[in-house]
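Visitor: Sequence:
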Amino acid sequence: MKIKSIQNALLVFIATIPLMGLCQNPLFIPDTLTGPSIDLSFQTGEVEFYEGFTTHTFGYNQAILGPTLILKKGEDIILNVTNDLTEPTTLHWHGLHVSAENDGGPHTVIEAGETWSPAFKVLDNAATYWYHPHLHERTEWHVTKGGAGFIIVRDEEEALLDLPRSYGIDDFPVAIQSRAFDADKQVVQQTAADDVMLINGTLDAFLDVPAQVVRLRLLNGSTERVYNFGFEGNIEFYQIATDGGLLDAPVTLTRLMLSPGERAEILLNMTGREDDSFNMMSFASEMPNGIYGATSPGGGQMSSIPGYDANDLNGSDFNIMRLNVVAQNENPVTDIPASLITNTPYSESDVMTTRSLLFRAKVMGPQNALTGPFVINGVSFDLEVINYEIPLDNIEVWQLTNMTAISHPFHIHDVQFYILDINGVAPPANMRGRKDVVLVPPMGSTVRFITKFDDHTSEVPYMYHCHMLSHEDDGMMGQFVVFDNASATNDQSGVEVTVYPNPTTDQVTLSGLMPSTIELYNMSGQLLDRRISKTGVEKFSLMNYQPGVYYFEVITLKERQTLSVVKN
Numbered sequence: 016m017k018i019k020s021i022q023n024a025l026l027v028f029i030a031t032i033p034l035m036g037l038c039q040n041p042l043f044i045p046d047t048l049t050g051p052s053i054d055l056s057f058q059t060g061e062v063e064f065y066e067g068f069t070t071h072t073f074g075y076n077q078a079i080l081g082p083t084l085i086l087k088k089g090e091d092i093i094l095n096v097t098n099d100l101t102e103p104t105t106l107h108w109h110g111l112h113v114s115a116e117n118d119g120g121p122h123t124v125i126e127a128g129e130t131w132s133p134a135f136k137v138l139d140n141a142a143t144y145w146y147h148p149h150l151h152e153r154t155e156w157h158v159t160k161g162g163a164g165f166i167i168v169r170d171e172e173e174a175l176l177d178l179p180r181s182y183g184i185d186d187f188p189v190a191i192q193s194r195a196f197d198a199d200k201q202v203v204q205q206t207a208a209d210d211v212m213l214i215n216g217t218l219d220a221f222l223d224v225p226a227q228v229v230r231l232r233l234l235n236g237s238t239e240r241v242y243n244f245g246f247e248g249n250i251e252f253y254q255i256a257t258d259g260g261l262l263d264a265p266v267t268l269t270r271l272m273l274s275p276g277e278r279a280e281i282l283l284n285m286t287g288r289e290d291d292s293f294n295m296m297s298f299a300s301e302m303p304n305g306i307y308g309a310t311s312p313g314g315g316q317m318s319s320i321p322g323y324d325a326n327d328l329n330g331s332d333f334n335i336m337r338l339n340v341v342a343q344n345e346n347p348v349t350d351i352p353a354s355l356i357t358n359t360p361y362s363e364s365d366v367m368t369t370r371s372l373l374f375r376a377k378v379m380g381p382q383n384a385l386t387g388p389f390v391i392n393g394v395s396f397d398l399e400v401i402n403y404e405i406p407l408d409n410i411e412v413w414q415l416t417n418m419t420a421i422s423h424p425f426h427i428h429d430v431q432f433y434i435l436d437i438n439g440v441a442p443p444a445n446m447r448g449r450k451d452v453v454l455v456p457p458m459g460s461t462v463r464f465i466t467k468f469d470d471h472t473s474e475v476p477y478m479y480h481c482h483m484l485s486h487e488d489d490g491m492m493g494q495f496v497v498f499d500n501a502s503a504t505n506d507q508s509g510v511e512v513t514v515y516p517n518p519t520t521d522q523v524t525l526s527g528l529m530p531s532t533i534e535l536y537n538m539s540g541q542l543l544d545r546r547i548s549k550t551g552v553e554k555f556s557l558m559n560y561q562p563g564v565y566y567f568e569v570i571t572l573k574e575r576q577t578l579s580v581v582k583n
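In this text, residue positions in the sequence shown follow my numbering: the first is 16, and each later residue adds one.
There's no promise every hint is true.
Mimicking EDC-like on lysine to aspartate or glutamate, the simulated pairs with C-alpha atoms at most 20 Å apart in a straight line are [what the hints assert, rightly or not]: (1) Lys200 with Asp177; (2) Lys549 with Asp521; (3) Lys467 with Asp350; (4) Lys377 with Glu173; (5) Lys554 with Glu568; (6) Lys87 with Asp177; (7) Lys377 with Glu574; (8) Lys467 with Asp521; (9) Lys200 with Glu301; (10) Lys467 with Glu534; (11) Lys136 with Glu90; (12) Lys88 with Asp210; (13) Lys467 with Asp436; (14) Lys87 with Glu155.
In short, the hints are calculated from the structure, not lab data. Predicted model only: the values in this text are computed from it and were never measured.
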């Protein structure tokens, strides 16, 4: 497979052998760049994935994907991002805790031929982050064409641990992306025919790993697909990090499900296994329905996504790449550490605000509940509308309720969070670290997380959105600003509407109401009741409705709030 950059006419060979069969192309390991000044050029390129065909791509400083940025916590850096495309773009530092001006969201447009130079101090813990375009309504296209790269942050606490960290030797970045190609071998977006796996931009990849403990930094860089990672023969591995940092201790696993945008660091102990060879796989047959990549993408009795059932990857176990165990390196790590760091989640007793976000189809109906477009709290994304104004240093709980038929990976900019519970159940040990993406199951499921909005204030907004990029581009996104409560005049009351009892068998009460319109919906999006409230309390009877999940939309002149309730 050949890679050629149009921008600089540099020919790069990922493999020098012809394409004949599976797992014969060595995994491409991107070069690294370090601070204090880093230059990136978003440019066009060409890749020969298939013999005799040239695929047109996008990449940073190369034909596809980009170099791995190695940053150190506490250092000051400047990143000079030049747009050498013929159309606008942006560049978002996914997971990094930076000011909104430096975040690279859809407001920070880099016009063709221009250079954007964000500068900031690295505040993040050691972990695996990534960068990708974030231009509204073009994010999916720019990422599908190849716009993405790794960020590795190192810190003093991680440096004290006996972990593999020799990049490309025992510490490997692994970006997993599914792609669709047309008859001319050009990448296609917004299709369920994504049946080709590219690992670090490599088709049919293999990786030689030394016979010792090795570290894989996994990134689900796909636009839609969820993976259920594991290894042939159910080889055990050890998760040591989530999106935003190390766990308290390694967690032993044989399966790890990652949705688009999520990262995880895992250790494999290959000590004594020289000359072994086995596949890294996705065990999609084991994923529950209601997830993109499972047998059925919809929960319940839903029809499918057009073209989904014809994709052989869906609901099947398939290979990601092959690992070949080779000779041990000098100074190898040969043991899995017993402990890592100490995470200290925020306490619910310190929560100042609880926000409820409800996912549903923009237009109600069984098929739309699976294919969308989707909205958050009843509204599509609007660049001119701020959905939340958040005081600096606020500790908040965000409650995400998914009333659609398909799971959505929810991502928030600016902060890392801790998952409190999923449908009322505490998360498993490997999900108890710092996160910025969480997969919200379908059919009325709820995820709660806790976070703190510290360090940065600005009139420029941050985003929150579904990280299925077609959903994001279609409007499943909102934005918030963080303001300094000590100096700003802001009329945010912090009063949240509550619904109780929940669950209920009959009557529910909504309290904390401002003058508002209240609408009651069922799971299918049917409007059941609507009233104008001028008091602080309203009572609704659910006695004549079937058991299930219902939701209220409370609409004021300033905002729209959504609350779910379970009728037993």
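Visitor: Each hint: holds or not?
Guide: Against the structure, the hints:
Using a Cα cut-off of 20 Å, the hinted pair Lys200 and Asp177 is violated, with the two alpha carbons roughly 44 Å apart. Distance check on the hinted pair: Lys549 and Asp521 sit about 23 Å apart at the alpha-carbon level, beyond 20 Å; violated. Between Lys467 and Asp350, the direct Cα distance comes to roughly 35 Å. Violation of the 20 Å bound is thereby established for this hinted pair. A distance of roughly 44 Å separates the Cα atoms of Lys377 and Glu173; the hinted pair therefore is violated under the 20 Å criterion.
Pair hint Lys554 plus Glu568 holds up; C-alpha atoms about 14 Å apart against a cutoff of 20 Å. Of the supplied pair hints, the one linking Lys87 and Asp177 holds, its CA atoms being roughly 18 Å apart against a limit of 20 Å. The hinted pair formed by Lys377 and Glu574 meets the criterion: a straight-line CA distance of about 17 Å does not exceed 20 Å. Pair hint Lys467 plus Asp521 does not hold up; C-alpha atoms about 36 Å apart against a cutoff of 20 Å.
Only pairs whose Cα atoms come within 20 Å are accepted, and Lys200 paired with Glu301 is rejected, the gap being roughly 31 Å. At most 20 Å may separate the alpha-carbon atoms for a hinted pair to count; Lys467 and Glu534 exceed this at roughly 31 Å. Straight-line distance between C-alpha atoms of Lys136 and Glu90 comes to about 6 Å, which keeps the hinted pair within the 20 Å bound. Taking the CA atoms of Lys88 and Asp210, the gap is near 38 Å; set against the 20 Å cutoff, the hint is violated.
With a C-alpha separation of about 17 Å, the suggested pair Lys467 and Asp436 falls inside the 20 Å cut-off, and the hint holds. Restraint check: the Cα-Cα separation between Lys87 and Glu155 comes to about 30 Å, which exceeds 20 Å; the hinted pair is violated.
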